[in-house]
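With the hints as a guide, bring both chains together as one complex.
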Amino acid sequence: AQKVTQAQTEISVVEKEDVTLDCVYETRDTTYYLFWYKQPPSGELVFLIRRNSFDEQNEISGRYSWNFQKSTSSFNFTITASQVVDSAVYFCALVIQGAQKLVFGQGTRLTINP
Amino acid sequence: DTEVTQTPKHLVMGMTNKKSLKCEQHMGHRAMYWYKQKAKKPPELMFVYSYEKLSINESVPSRFSPECPNSSLLNLHLHALQPEDSALYLCASSQEGRNSYNEQFFGPGTRLTVL
Chain A
1 AQKVTQAQTE
11 ISVVEKEDVT
21 LDCVYETRDT
31 TYYLFWYKQP
41 PSGELVFLIR
51 RNSFDEQNEI
61 SGRYSWNFQK
71 STSSFNFTIT
81 ASQVVDSAVY
91 FCALVIQGAQ
101 KLVFGQGTRL
111 TINP
Chain B
1001 DTEVTQTPKH
1011 LVMGMTNKKS
1021 LKCEQHMGHR
1031 AMYWYKQKAK
1041 KPPELMFVYS
1051 YEKLSINESV
1061 PSRFSPECPN
1071 SSLLNLHLHA
1081 LQPEDSALYL
1091 CASSQEGRNS
1101 YNEQFFGPGT
1111 RLTVL
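Sequence order for the protein chains is A and B. Counted from 1, the first sequence has number 44 at position 44 by our numbering; the numbering is strictly sequential. If you want our numbering, it's the position in the second sequence, counting the first as 1, plus 1000.
Looking at chain B on its own, in the form it has when it is part of the complex (with noise of 0.2 Å):
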């Protein structure tokens, strides 16, 4: 199963709401990502898990909150986002390698509105 799922395709949320993104991989990956993809643009690194702890937060606003219950679960807590918070979020998986770097694989994303 070489495959990267994320729940819902779709959100759309008011600025007062609290939801959720769900990512799930079952490739035996112990590395997980989260992206923010606008428009036009090359996706950002948002979040990095390596053995379900937390290695990388690129000065995320605390308006989202990761999560990342086991190796093959990733949550995204979304709360009081704006506007501009609205953009294809995807999630990526990738073996953890001591002397080599792999490819990451991606989910097929959530495409987030605020209102």
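Chain A on its own, in the form it takes in the complex (with noise of 0.2 Å):
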């Protein structure tokens, strides 16, 4: 069975300070993808980063950077200078080769103040 963590409930941070989201995964299959998503309050799930098995090249987007780590099963998501608009909730999800099935994380709520 698949299992993704997000251990921070919830953060709350100051603007333009730099905030790292925690994901680690648990899963037997040696094929599979991780996603973050991003949910504001609007409610759409909106699609940020997707990651296979084995591309552990970290990546970076803008303000927007992940570090995948095989060796301790994580996923880290970091948003450099961080601005209001981030405040969201945000998901990790995990799904094995084959499978149809996203096992998303309980998701951290991010609150950016002003």
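Do not take every clue at face value.
As the list claims (entries may be wrong) - Keeping only pairs whose Cα atoms sit at most 30 Å apart, straight-line, the calculated BS3-like set for lysine-lysine is:
id	chain 1	residue 1	chain 2	residue 2
1	B	1009	A	101
2	B	1018	A	101
3	A	101	B	1041
4	B	1009	B	1038
5	B	1040	A	16
6	B	1053	A	70
7	B	1019	A	3
8	A	3	B	1053
9	A	70	B	1018
10	A	38	B	1038
11	B	1022	A	16
12	A	16	B	1019
13	B	1009	A	16
14	B	1018	A	3
15	B	1009	B	1053
16	A	70	B	1041
17	B	1038	A	101
18	B	1022	B	1041
19	A	70	B	1019
20	B	1040	A	70
21	A	16	B	1053
22	B	1022	A	70
23	A	16	B	1041
24	B	1022	A	38
To be verified - In silico negatives: residues of chain B with every beta carbon more than 12 Å from chain A:
id	residue
25	1045
26	1080
27	1094
Said to hold, decoys possible - Simulated restraints, written as ranges between beta carbons of each label pair:
id	chain 1	residue 1	chain 2	residue 2	range
28	B	1040	A	52	21 to 31 Å
29	B	1041	A	29	38 to 48 Å
30	A	24	B	1017	18 to 28 Å
31	A	16	B	1054	42 to 52 Å
For the record, the hints were derived by calculation from the structure and aren't laboratory data. This one's a predicted model, so the numbers in the text were calculated from it and none came from an experiment. Note that the Cβ used here is the ideal one computed from N, Cα and C, for glycine as well.
What follows is the structure, given as structure tokens:
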């Protein structure tokens, strides 16, 4: 069975601070895919990134960066110079090759205060 | 067009009503999904359609009835719901990849209240 753990239920920081959201996953499969989604108050889940299990390269997209480490089964997400618009619930998710069911973590509610 | 649309945005219904939620995508995706999300919880998968055929039913009560009329449309028919069915209902779509898994794109959801 697969499992995704986001240990941080809520994080609150002041604008312009850097913040890291943790994600730890469990799976026995060797081929799997990891995702981060953002859910603002409007409700829509916005896709941020996909990473497959064979690609451990870290990725940077503007103020967002992701650190994938298979050795620790972690896929952490860092926002640099946070902004109020980053306030949302962020979900980490996992799916194994051949499956259609995304396994979500419980989510981290991020609040950026002005 | 990289958008999944859902109607209505909000729905209030009584326990004896029959209503339908609608979802549409024009990205050429051949997999479509219904999720239910309660407050402060992650989305829970309900149904998956792959090439217009139901491929996953996560033991959802029969008062929820999905329908996929064509590759762009997905409906969720509701009948005799209970107050605990009140939630945000999210639709999503993705490409079907044989050797890879493609990200799901979500619609804005329908916020359902059952009285």
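**Message:** Please verify whether residue 1019 of chain B and residue 3 of chain A have alpha carbons no more than 30 Å apart.
**Reply:** Since the Cα atoms of residue 1019 of chain B and residue 3 of chain A sit roughly 34 Å apart, the hinted pair is violated (cutoff 30 Å).
**Asked** Given the proposed pairing of residue 1018 of chain B with residue 101 of chain A, does the C-alpha separation stay at or below 30 Å?
**Response** holds (28 Å)
**Request:** May I ask you to check that residue 1080 of chain B keeps its beta-carbon over 12 Å from the closest beta-carbon of chain A?
**Result:** holds (25 Å)
**Prompt:** Holds or violated: is the Cβ of residue 1094 of chain B farther than 12 Å from all Cβ atoms of chain A?
**Reply:** violated (8 Å)
**Prompt:** Can the restraint linking residue 1018 of chain B and residue 3 of chain A be considered satisfied, given a maximum Cα separation of 30 Å?
**Reply:** Violated. Residue 1018 of chain B to residue 3 of chain A sits at ~36 Å, over the 30 Å cutoff.
**Request:** Verify the proposed pairing of residue 1022 of chain B with residue 70 of chain A, using a straight-line Cα cut of 30 Å.
**Result:** violated (39 Å)
**Item:** Pair hint residue 101 of chain A and residue 1041 of chain B, alpha-carbon separation not exceeding 30 Å
**Value:** holds (16 Å)
**Holds or violated: residue 1040 of chain B to residue 16 of chain A, with C-alpha atoms at most 30 Å apart** = holds (26 Å)
**Asked** Given the hint that residue 70 of chain A pairs with residue 1019 of chain B, does the C-alpha gap stay at or below 30 Å?
**Response** violated (46 Å)
**Request:** Take the C-alpha atoms of residue 3 of chain A and residue 1053 of chain B, compute the straight-line distance between them, and say whether it is at most 30 Å.
**Result:** holds (27 Å)
**Asked** Can the restraint linking residue 16 of chain A and residue 1053 of chain B be considered satisfied, given a maximum Cα separation of 30 Å?
**Response** Measuring from Cα to Cα gives roughly 48 Å; hence the hint is violated.
**Asked** Does residue 38 of chain A lie within 30 Å of residue 1022 of chain B when you go C-alpha to C-alpha?
**Response** holds (23 Å)
Of the numbered hints given earlier, the model fails hints 6, 7, 9, 11, 12, 13, 14, 19, 21, 22, 25, 27, 29 and 30; all others are met.
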